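Residue numbers (this note's numbering), protein chains in the order written: chain V, 937 to 1400; chain E, 4 to 175; chain X, 6 to 1168; chain H, 7 to 200.
Treat the hints loosely; a few may be bogus.
What the hints assert, rightly or not - Distance condition first, Cα-Cα at most 25 angstroms in a straight line; then the derived DSS-like pairs of lysine-lysine: (1) X:856 / X:844; (2) V:1388 / E:16; (3) X:844 / X:345; (4) V:1271 / X:856; (5) V:1388 / V:1043; (6) X:799 / X:505; (7) V:956 / V:1220; (8) X:1131 / X:853; (9) X:816 / X:740; (10) H:136 / X:155; (11) H:170 / H:136; (12) V:1299 / V:1229; (13) X:373 / X:410; (14) E:31 / V:1229; (15) E:173 / V:1151; (16) V:956 / E:16; (17) V:1043 / E:16; (18) X:652 / X:621; (19) V:1151 / E:31; (20) X:853 / X:740; (21) V:1238 / E:16; (22) X:822 / X:736; (23) X:410 / X:394; (24) X:1136 / X:1074; (25) X:750 / X:736; (26) X:831 / V:1271; (27) V:1388 / E:31; (28) X:644 / X:622; (29) X:799 / X:822; (30) V:1271 / V:1299; (31) X:345 / X:323; (32) X:1105 / X:318; (33) H:74 / H:125.
Unchecked claim - Some residues of chain V that are not near chain H, with every Cβ distance over 10 angstroms (derived): (34) 974; (35) 999; (36) 1036.
Read the hints as simulated data drawn from the structure, not as lab findings.
Since the structure is predicted, the reported quantities are computational estimates derived from the model, not experimental observations.
Just so you know, even glycine gets a beta-carbon here, dropped at the ideal spot from N, CA and C.
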Amino acid sequence: MNSAATTSPASVRDDRWKSKVSDVNSGVLGGVIAKPHPSFYVALALAAFCALLGGVAWLLQIIFGMGLSGLNSPVYWGVYITNFVFWVGIGHAGTLISAILFLFRAKWRNSINRSAEAMTVFAVMTAGLFPLIHVGRVYLAAYWMAPIPNTNNLWVNFRSPLIWDVFAISTYLTVSLLFWYMGLVPDLASLRDRSRGLRRFVYGLLSFGWVGSLKQWHHYETGYALLAALATPLVLSVHSIVSWDFAMSIQPGWHTTIFPPYFVAGAILSGCAMVYTLVVPIRKMFSLEHFIKEDHLEACLKLTLLTSSIVAYAYAVEFFIAWYSGAFYEWSIFKLRAYGPYSFYFWVMVFCNCVFPLLLWSKRVRRHMAVSMVICVLINVGMWFERYNIIISSLVEDFIPGSWGHYQPSLTEIAITVGSFGWFFMWFLIFVKFFPFVSLSELKLVMPKPLKASDQELSAQTSS
Amino acid sequence: MQRQESGVLALFKHLDEFATAARLVQNKSGFDGHQVYSYASYHELMDVAESAYGPSPVRWLTLMGSLVGCSVGFLMPTLMDYDWPLVVGGKTAGLNSAIPNVIFMFELFVLFGALATIFGMLWFGGLANPRARIFDPRLTDDHFAIYVPGVLMDSEQSRYLRSLGALELKAV
Amino acid sequence: MLGSKTGSKTLGSDSKTDNIDNIDHIESQDQQIVLASDGPFEAPAQTFVPGPYYAAVEEVMEDMAATEADVAGDYADLRHQSFPLDRRDFLKLFSLSALAGSVKACVPRPVEHMLPYVDQPVDTVPGIAKHYATTCGECAASCGVQVKTKDGRPIKLEGLSAHPVNKGALCATGQASIQGLYHPQRLKHPMMSVGARVLEASWEDIWQRLGDACKQTTKIGILTRGVTGSVRGFYKAFLEGLGSSAENVYFVDSRSLYATVDKAHHLAFGRTGIPRTVLSKAEMILGVSSDFFETGLSPIFDSKNFSRGIGYKNQGGKSLKGRFIQCESVMSITGAKADKRHSIPVGSELPFLVLILSHLLSRSSQLKASSSDISKARGVLAVFKDQLKGYRTLFTSLDSGYFDKLVGELLARPAVIMAGGVATCTQDATRIQLLAVVCNVLIGAYESILFTSESWMLNPLESFAKSSSGVENSTEQGQQQQQQKQQEIMSSDMMRFFGKASELDILLVIDCDPVQSIPRSFDVSGVLSDIETVISIQSFPRMVDTYADYVLPMHHYLESWGDSEAYAGFIGMRQPSVRPLYGSFQAEDMLLWISAAAGRSMGYESYRVYLFEQWKKIYDKLNIADVSFSLFIQNNLRKGFFGVPGKRNKAALMDVASYFSSSGGSGSMNSAGINSWSDVSGGSLKLIAPLDAKLADGRHGHLPILQEVGDAMSTVCWDSFAAMSPYTCRKLGVKRNDVIRIRGKNGGAIEVAVFPMPGVAHDAVVVSQGRGIDDERNTIAHGVGVNPLDVVSKEWDPLSYQMVTSAVDVKVEPTGKRYRLAAMQKHNDIANRSDVYRKVGFSELEHKIEKRRGHTPKNLDDVPDLYPSLDKPETYMHKQDNSSKPGGVEPRHLDYRWGMSIDLDRCTGCGACMVACSLENNVAQVGRDQVNLGREMFWIRLDRYFDGAVDEPGVSFQPVMCQQCNHAPCEAVCPVFATTHDPEGINAMTYNRCVGTRYCANACPYKVRRFNWWTHSFGKVGKRLQDRTPRALNPDVTVRTRGVMEKCNFCVGRIRDAKHRLQRVNVEKHMDNHRIPSDWIKTACQETCPSDAISFGNLKEPGSLVTRLRRDERAYLMLGGDPDHKHYGIKTLPNVSYLAEVVAEDLTDGHTSKGEPSGSDHG
Amino acid sequence: MVRCNKGRSFRRRSFFYMVVCGFGVVLSISSQAYGWWMWTPGDTVDDSTQNTLVAGYMPDQPVPFSHKLHAGDRQISCEYCHSGARRSASAVVPDLATCMGCHQVVAIDKEPIKLITEKYRKNEPLQWVKVNDLPDHVRFSHQPHVLAGVSCESCHGEVKEMEKVSQWAPLQMGWCIGCHKENNASISCQSCHY
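Bound conformation, chain V alone:
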């Protein structure tokens, strides 16, 4: 119809595609999801074991009490909330990549958006566990923290940031789940059509009976765009609200207006790093190099670099304001962070989040997958320590010197933390095994269009 459009500069970029649209399904799905590298099973077993470990630790904690954690007075929040914020943060990149970049029509997103979305869903799911792990009476928390009628005739406190959290996280989980699943529906239909027997039945059920008719696509596209538009502000709101958990209390080191943007930037940084960390090995395990291209990964690293510099700026501003405001308690906390007993975590955070990512300015580094991978893992470590640092160092020594204390995570907390990683990776790997890791229908859109002309061209080339 419009052949001029097909020879636009985009097609020049498409030159790098070595595969065609018709290769996608067989390449990604194979005989219903390609047979993974054996390392996949090792990874899955390891993840499941860690998850089990964390589960046992949690069970112990429920039976014996929160005393099993290393928490104390004054450090009432510790590793659990660190993990909560960390995982919520991880979740952010998914929505950013799938929703915001969808609206911006960034083409590199199409190959990794599925993995980013899945990461979001599982990360938020993991994050959602932590408030429950963290509370003293989990058997009541789930019931009383939701605004449902109860025998006490008492509602929830809508002035509490934790209730904001409840709403923000549950909305975020629901919306990202819907968004992810909506994208999956056409691909599930592909899976259904490639499989037999029980699988076919299950995939058929999951695909809602999608047949790919133009009418379905019409409403689907509209809905998808609207959902992307709805999800976009969530990227900013969720971590802002999580940051208010801290910013709304008057704890020095927490009570800061910069927290929302600072947290959002940090979240995207950690999310992008996590996407990279996840996609690179799985791309290898499932031989998806043809579909997830280095360009796409490099674009992800660029985004990482950008957010890293935002985060670095936020650190600096935080310090500057703590000093400039003349707030005595605030400045004491910041001095303590940098030089106090918890300074190790602070400097880990600074180096991992601000210094090492600077290497990504170099294209060679960005193209060198192993080095980039190390940097991304370091960023993840750094972001975890950023939350740890914010939470712990503000709590140990606050207003009244007489009540200062110290904190050291207990084995239970460490086990649950390891368990959360296991839990996350376990679901992610299961997902990878049973669902398409790249969005088939969207990937096809960015590949060379199956035009008659190009087809003839191709056949001419191959015959010659």
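Assemble the complex: chain V is given as a structure, and chains E, X and H must be docked to it using the hints.
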């Protein structure tokens, strides 16, 4: 088992040919109730859909859902607060402390909007249809198709489709 | 109803405006003190009969037996702390019981039973507390105690507000003694050792055997702690009845101060008796290693009077503040309270007093003593004339100008020298007292502050060997003649015990533990082994039981009859307030039965009869015709005390110079006895082993709350520690938590962790007694710390023959080991935070008051607020309708705003508030391991800050409880409304709504919220047995389960009780009072505070004390900025306000901070 | 244009949505049941949970005491036996002496009376089963209610007509609060929980 209508399925492989074909059969007589199938939402096809179905009503559902969510997000905290007006942190209940309601308004705006969108997309797409007819597994792989119901293989319509570039015709 | 009658009376007193100074009048007059019915208490209760009324039968079931097996391995190593589950617990998890426990939540409703009375006593209503007046039995100070009982169980002890000794206050130990009543490890059966085996015996068998034993010999003795009252005569009568002599009663007590002070006065005035010290009349106190706040003669009495006399007060717009200067070598809380505290070398108290004496005598024209006294004092000084120069060099920081100024102060105003204490149990102990007596005579303290001739204190250690009849014969006659004789028969029971006790055939050890409290070098066990039959009569397992042939359980003092005579002629009565919990008997009754079994019955049916006979004698003396004896006793039992103050003539100072002559153990009197800095670096230090302020000599070691409150200065709990000067620590190369070995001359050694304590003398190593109890039956104290007496050699004070436990030469060496002390407070200085703890200079304060005069008074609540509707009724009321029926409903909320004021100038850091609060509110004790993790549960904590130079620090104590903020940061963040603002200003914590997000605790800037990390089991603290069974808990306060936040609630249960009482009064009297009179409600901490530092009341009542204190010039809000200058701090608007400590600026200051002491070998 | 069999697909789809809605309803009902039935948490002092605080609990008592006979037919006032209600937190279960006050002469030949007479002689208390039981974290007091004129029946039901006493009111917090709100009594949390 429901009665399955028989018809002809014309399979295409090339987007340009198919887009033209879909547009041409759109208003042609003898193609009543035809369905167009694709494995991806190519712009060319979406343009055809736009002209065939007009703007999607999903938008309105989204708007409705969002507005409902927004008002629920305001009313729920306010009314619940007045049900038992407790003072916390020197803040009195209800409208006096309505600032955080913005959060609930926003969150429920998004949540209800998203739910309505999904609902609309499914509803208008005729989805959640456990007995959908799957004509050919290739339709979700790399083939486009036009299905014309109530038509035989050697009919005028079939020939027309073949002339438009259909690689294969199937009686289903 | 009794309550209503007295209630109307107190309603009237509402209108009376209180003066800050006559806090005496704020006394609860509405105690339903009811006479204990005589009947059941003497009946031997072999098995525990459930109390009359219980909500659930489980409450009275003894479920401790099952847990005792778990106690064997006790002391968990800290290395496992990161995962506080040991292997056994871990296995337990997988046991069926744990699984059953976890699903127990889903079982259907448990059947609960109700047990009504068979015959309900007329004056008893289940659910309404009954109060009994009695006398505390924990120490010889004999404070009056009001026992609150509910359903037959004592649940809380308070001071008797009308009692002249404690005036409503009670110390930490007195408060905690209720835990001793319920202690699961109390002796329950008589035990008998047959050969190597210890058997449970029947009482009949015991009486039979003991009777037979007593028939065979007349060499029977009694070893007991220092007591006063009728029991002294009873012991005597008992022994004499059995043919033994009264001299075989040995009063041995670690509180030797009674003996030394008594001895000094005996030597100085020729008659016994300890002066009653009324510090409220003093304006200047010079303390020389005194410890009157903690382990003194009568700590509560002294604290009360101190806070009135020395504490800051504003009388008619005029500021007054006394002065208290303390010189000491340990760091006591008494020293901490001093306006100026000087650290002096160990054992230099005597030289210090000699210098004071010499400076006093140099101002002979100003002395307030007769010329003969002065000349006798000159005689004393003459003894020291050679050493005077050497003495001056001891006090490098205090030059002679300083002494001169000090003496000037002593003479300028009513002053007293308080000398000696548990840290001066040296060979000079009595000489220090004697010298203090001389100085006090010179400054005229005996005229106005020290009373020896009216209501003087009796010495509970007074030996029967000294005077033929203990109590009554305190008169002057015959004293002079006997004096010489007494010297010969060695006046100290302690010394006599070691000299003669081994000749006895039968020794009854009653309610004391010589094995624990006397240094091992004295060989108590040897003495006890020499005695054929040792009978240990204890209410709690003591170490002496090991050496006893018979161990007989005796009553706790709350189950006993008794009396005391702490002050001459003043009888404090003791009556049982609970039916005996275990199969124990009153100790005196056992003596009666022993003598009856021996065929020499004393003729009394029970000790109560004997007691009443003694009281009858006093009654007869009183000559009250119109009151029958039974009415007299009934009335006085309600009051808790009676008597006629003893009176005698004044006595003149005798010539005492001879006692100071260098003969006989005066080695430490010259400077050679003081360890030099180079000795110190070689590890030669002087050990001071004072009594612990809470555990005493270990007598109270089994009370978990006292172990948990710990030491106020170090905040270390559940452990011994060696307090040393930080400089000394540096010299020895040890840091905090490093373990040192202390070797004594006797060959003993102890290993103990170091706590570098600012202010301790450089040559001192201080290890408190009271720990190191090696008795597995006492699981609370077993394995806690070490006993410093193990390294103390057998030495006597040559005048009073009390053992020496201070200034003991020891060698200290590091061991290289480390041991983590469980200190509640991790940080010691205030980190320049000015709005946490405030001090204000005296003149600065006067200036401020002057400036304010005529202007509006200070208003801490005048803070701009976004929510001005807070105070309006509709904010809290569901419907806007205030037309409540008069009197019918509860008093309306908006008439109240509860507030508290804490006077930092008065707080001494004694910790009584922490104990009272914990017991009132069922706060759990958590044990050392959890404290180490920072999980102590105290609702009110005592922050302690050091300031100034490390060697002579200022110390500040600050009680911090929930500040009940009006803009509480904690409330807004709770997602489930578990903490909300009460219309009456209290920050309400609803435990059962709490899900445990702990957000509130994070948000709290004061960090006063406490989280239940575990379900603190009812029977244990850590792995030690404890008495948190439901029957020992306050039934009026919910017990919190794990996963729930808790905190101070201003004792809201008491507030509610008062409201209900007001409602009852309103209904019954057809009145419409809306406000509870402020003296109806006292919080637990306020009620027990020995120095009246805490005031509580209604801030909406304009005239109430707390309202006025909130407007005081000294008032400030913690973290509340400076409202006068529109700076509101973090603007939490607490309802608790603090009153800044007042620093007397014109204090004699001869001291400059000097860092390392001079004479350092750094050159 | 595009033909579709509206009726059929509508039915199909509505089946799906009904299932979804039904699932939601079941979820919310079960969460409600969870609240009503399982968790009125009283795991405080004795770690026991008072799960079934529901009206209708009618346990057997050691003596078949009939409130209908005493309070109804014989018109003995409540406070004659429950004498603490006016002045104490506890309404007081009467002591045996109160029973014996009448039953020394009244109905002495009946079995239950013989039993309590025997108990009284042996000085043994009767062990009643608690019917109206509040969780341990509720600090309820009878006195303010009685003095404010709240009738016994408003919480205990028509005991006068009960042969065997059963729990009449749900005794859930919401029920308490409803009455407190109506009567403008305190609804501060600390009124009952501390």
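Results of checking the hints against the structure:
For the hint pairing residue 856 of chain X with residue 844 of chain X, the CA-to-CA distance comes to about 18 angstroms; that is within 25 angstroms, so the pair holds. Among the hinted pairs, residue 1388 of chain V with residue 16 of chain E is consistent with the structure: their alpha-carbon atoms are about 8 angstroms apart, no more than 25 angstroms. Note on residue 844 of chain X and residue 345 of chain X: the hinted pairing holds, with a Cα-Cα distance of about 14 angstroms set against a maximum of 25 angstroms. As the CA atoms of residue 1271 of chain V and residue 856 of chain X are separated by approximately 39 angstroms, the hinted pair breaks the 25 angstroms bound.
Distance restraint check for residue 1388 of chain V and residue 1043 of chain V: the Cα-Cα separation of roughly 23 angstroms lies within the 25 angstroms cut-off, and the hinted pair is therefore satisfied. For the hint linking residue 799 of chain X to residue 505 of chain X, the alpha-carbon distance of about 16 angstroms falls within 25 angstroms, and the restraint holds. For the proposed pair residue 956 of chain V and residue 1220 of chain V, the alpha carbon gap of about 20 angstroms is at most 25 angstroms, so the pair holds. Restraint check for residue 1131 of chain X and residue 853 of chain X: satisfied, since their Cα atoms lie roughly 17 angstroms apart, inside the 25 angstroms limit.
Of the pairs offered as hints, the one joining residue 816 of chain X and residue 740 of chain X holds, with about 17 angstroms between alpha carbons and a cut-off of 25 angstroms not exceeded. For the proposed pair residue 136 of chain H and residue 155 of chain X, the alpha carbon gap of about 20 angstroms is at most 25 angstroms, so the pair holds. For the suggested pair residue 170 of chain H and residue 136 of chain H, the alpha carbons sit about 13 angstroms apart, so the restraint of at most 25 angstroms is met. Only pairs whose Cα atoms come within 25 angstroms are accepted, and residue 1299 of chain V paired with residue 1229 of chain V is accepted, the gap being roughly 15 angstroms.
The straight-line distance between the Cα atoms of residue 373 of chain X and residue 410 of chain X is roughly 17 angstroms, inside the 25 angstroms bound, and the hint therefore holds. A hinted pair counts as satisfied when its Cα atoms are at most 25 angstroms apart, and residue 31 of chain E with residue 1229 of chain V does not qualify at roughly 43 angstroms. For a cut-off of 25 angstroms, the pair hint linking residue 173 of chain E to residue 1151 of chain V stands: about 21 angstroms separates their Cα positions. Among the hinted pairs, residue 956 of chain V with residue 16 of chain E is consistent with the structure: their alpha-carbon atoms are about 12 angstroms apart, no more than 25 angstroms.
Of the supplied pair hints, the one linking residue 1043 of chain V and residue 16 of chain E holds, its CA atoms being roughly 23 angstroms apart against a limit of 25 angstroms. The straight-line distance between the Cα atoms of residue 652 of chain X and residue 621 of chain X is roughly 20 angstroms, inside the 25 angstroms bound, and the hint therefore holds. For the proposed pair residue 1151 of chain V and residue 31 of chain E, the alpha carbon gap of about 18 angstroms is at most 25 angstroms, so the pair holds. Our distance criterion of 25 angstroms between C-alpha atoms is broken by residue 853 of chain X and residue 740 of chain X, whose separation comes to about 44 angstroms.
Between residue 1238 of chain V and residue 16 of chain E, the direct Cα distance comes to roughly 37 angstroms. Violation of the 25 angstroms bound is thereby established for this hinted pair. Note on residue 822 of chain X and residue 736 of chain X: the hinted pairing holds, with a Cα-Cα distance of about 17 angstroms set against a maximum of 25 angstroms. Annotation: proposed proximity of residue 410 of chain X to residue 394 of chain X holds, straight-line Cα distance about 19 angstroms (limit 25 angstroms). Between the alpha carbons of residue 1136 of chain X and residue 1074 of chain X the distance comes to roughly 44 angstroms, so the proposed pair goes past 25 angstroms and is violated.
Straight-line distance between C-alpha atoms of residue 750 of chain X and residue 736 of chain X comes to about 22 angstroms, which keeps the hinted pair within the 25 angstroms bound. Distance check on the hinted pair: residue 831 of chain X and residue 1271 of chain V sit about 19 angstroms apart at the alpha-carbon level, within 25 angstroms; holds. With a C-alpha separation of about 24 angstroms, the suggested pair residue 1388 of chain V and residue 31 of chain E falls inside the 25 angstroms cut-off, and the hint holds. For the suggested pair residue 644 of chain X and residue 622 of chain X, the alpha carbons sit about 19 angstroms apart, so the restraint of at most 25 angstroms is met.
Taken as a hint, the residue 799 of chain X and residue 822 of chain X pair is broken in the structure, with Cα atoms around 30 angstroms apart against an allowance of 25 angstroms. Using a Cα cut-off of 25 angstroms, the hinted pair residue 1271 of chain V and residue 1299 of chain V is violated, with the two alpha carbons roughly 37 angstroms apart. Distance check on the hinted pair: residue 345 of chain X and residue 323 of chain X sit about 23 angstroms apart at the alpha-carbon level, within 25 angstroms; holds. Of the supplied pair hints, the one linking residue 1105 of chain X and residue 318 of chain X holds, its CA atoms being roughly 24 angstroms apart against a limit of 25 angstroms.
The straight-line distance between the Cα atoms of residue 74 of chain H and residue 125 of chain H is roughly 23 angstroms, inside the 25 angstroms bound, and the hint therefore holds. Taking the minimum C-beta to C-beta distance to chain H, about 40 angstroms, the non-interface status of residue 974 of chain V holds against the 10 angstroms cut. Even its closest Cβ contact with chain H, about 13 angstroms, leaves residue 999 of chain V beyond 10 angstroms, as expected for a residue assigned away from the interface. With a least beta-carbon separation of about 30 angstroms from chain H, residue 1036 of chain V lies farther than 10 angstroms from that chain, consistent with its non-interface assignment.
Comparing the model with each earlier hint shows violations of hints 4, 14, 20, 21, 24, 29 and 30; every other hint is respected.
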